[in-house]
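S.K.: Produce the complete structure using the sequences and hints provided.
Protein sequences, first through last, are from chains A, B and C. Just so you know, we're using the working numbering here: the first sequence kicks off at 1 and counts up by one. Just so you know, we're using the working numbering here: the second sequence kicks off at 253 and counts up by one. Just so you know, we're using the working numbering here: the third sequence kicks off at 511 and counts up by one.
Hint data in this document are derived by calculation from the structure and do not stem from the laboratory. Mixed in with the good hints, there may be bad ones.
Said to hold, decoys possible - With a cut-off of at most 25 Å between alpha-carbon atoms, the simulated BS3-like pairs for lysine-lysine come out as follows: (1) A:Lys13 x C:Lys519; (2) B:Lys288 x A:Lys128; (3) A:Lys55 x C:Lys665; (4) A:Lys68 x C:Lys619; (5) B:Lys279 x B:Lys420; (6) B:Lys293 x A:Lys165.
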Amino acid sequence: MNANKEIEQLIEKYFSGETSLEEEKQLQVFFQREDLPAELESYRQQILMAAELRKVRTELNDDDLFAKIEEASEAKEPKVVELKTSWQTWGLRVAAAIALVLVGFWVGERFSQNTEVSEIKEELALLKQQLSSNSASGRLQAVSQIKHAERPDEEMLITLFAVMKNDPNMHVRIKAVEALAKMGKQPGSVQALTGALLEENEPAAQIAIIEALVALQEKSAIESLEKLTEQDQVLKEVRDEAYIGIFKLKDM
Amino acid sequence: MNKLNRMVMAVLFTAATLTGLNAQEFKLDVSNPSGKTLILKELNRVAVEAHDGNQVLMTSENHGDHPERAQGLKPLSARGEDNTGIGLNVTTSGNEVTVFQAARRSQGKYVIKVPKGMKVQIEHTGQHEGGKIEVSGLSTELEISGRYNSVYLKNITGPALVNTIYGKIEADFASLSQKGPTSLVSVYSTVDVTLPTNTKANLLVKTPYGEAYSDLNIEFPKTEEMRKISSAIEGTLNGGGVELELKASYGNVYLRKK
Amino acid sequence: MELQEFKTKVLPLKDRLYRIALAMLKSVEEAEDTLQDVMVRLWDKRAQLGEYRSVEALAVTVCKNRCIDKLKSKKHKHHEDVQTLEVESGLSNPYRSLELGESMKLMLKAFDTLPDQQRLLVILRDVEGYSYEEISMQTGLQINNIRVGLSRARKAAREAYLKETEYERQ
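M.R.: Below, the structure is given as structure tokens:
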């Protein structure tokens, strides 16, 4: 009887969402016994359901899945090549920073969104297609047309980060920086901007990034700005711009 | 790919012709030029003109000054092989023809005639050199990126994406292509643009440390917010159209009527 | 991430991902489609996968998102009625591969009536045995909300099950 009491307590905890994984395991083991007390019988199926569902396996084997992957990447190949190589040259700093914030951010939002999702998706698909164009003006157009700025999707952000870092044309990179600045503080964007700042060689783009960091009022960018001011190959005016940026950020 | 290149090279060598002693010429046949791109890299001085025909014609002025001792020898260059006989390295890959200045010769000027319809990209990243880049008569997309270079564009339509750091940009548009945005950026110098009066565009002019001047009829949005941004001017031309961005971070922007 | 690593780290997640998709979409065919989609997407992201703190969490997240998108577009297109019909006629019974007793069938039927998010939480916690921290990474929900959600889900499942058995007995 005492043992039952313990189980009953566990069941209560289970239904209030307070059991540990260990306790949940105990419950599952307990409910497998044949001689279950009658008053607990009604819980049996529910507790055992987990073990039952765990038996489900997909009939797709690894080869099936790989065939699908190949099929998909072949279908995309001619268009995606450019982006793919740029994904690979993706800086570690930025990727790591994004990884940290990404997972949590990306999901929660989507539970609450409704029709916007498919719209954003379509926009994103279009954007990616345009971004793989070899026309720089076409890519510039694509980036400047980004909407939904107030609620960017995670993939949209990643795409912009990639453009900002890897697009061969400076005008396109700057446009991506400006798009990010307009979106306000988003997960990963400050890290991406500071990462791009230290890798960017074009003064006009460096200035655009500094302006964006100041616009985002991001104090954590100060360190990167200071680094920039220490680099000799950076133009004096850009360094001045960084000093002004540091000054404005510290003042906030 | 390698094989292809070698093949192309073989064709190139047979295509190379000597037309004179001083000005030397190199011809490259391009089938179906629209949809192809000509990429010019590290040419210290270059003038690009559009012409009818399916050939890229490259001529070098002030060439032929190899010393007598060099008779029978090939010039060596760390920047790649001169496979044209005029100081340029030409390779073709897919839809791109890349021309690279192999010889260091900083004085020589190249004149390159491009089939109409071929896109042109010009890059110059030299740290301490880089002269004029001139482009005329081109009605295709144009990308130019320089550091010390001044860029002169005549009778073009764009879309044009041009950026340089120390040089100025002068652009005289025959008309402004509505196919895609045009953006002209000089960090230290002047951006001077001439447009037909009927040009439709969404105009964005940025001169954070300089001034902007124009005699065109720019329509300004009448909002309070607009007035606050002193260094960026946003407006439309003839009701608006393609995006036209002009930026001179430390210089002035001039926007003129044709 | 190279092919070999993808094979050892990502592919083995296929059964888990499939179970999540199956519980969400209630259809073997759609769950298989989704699993393929997810693998393709992860493969496309393989260059970055090495950087993720937890590839598994990312995989679950991608899977979950695909499911939610599908559920939404389905509702959007009013396919739901058709789907329900199929389930009732046994045409697309998601658990057709399992040999189930009558009471367990009722239990699963009850489980299927839970809202999408509740089914997801039950799958992640009770079936896959993820910690609250992991579920938080996968769903973006705060731990406290996960507990509350689970509690509701479990209570609702019990209620639905009791209703089903009562209905059967009548």
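S.K.: Checking each numbered hint in turn, tell me which of them this model violates, lowest number first.
M.R.: 1, 4, 5
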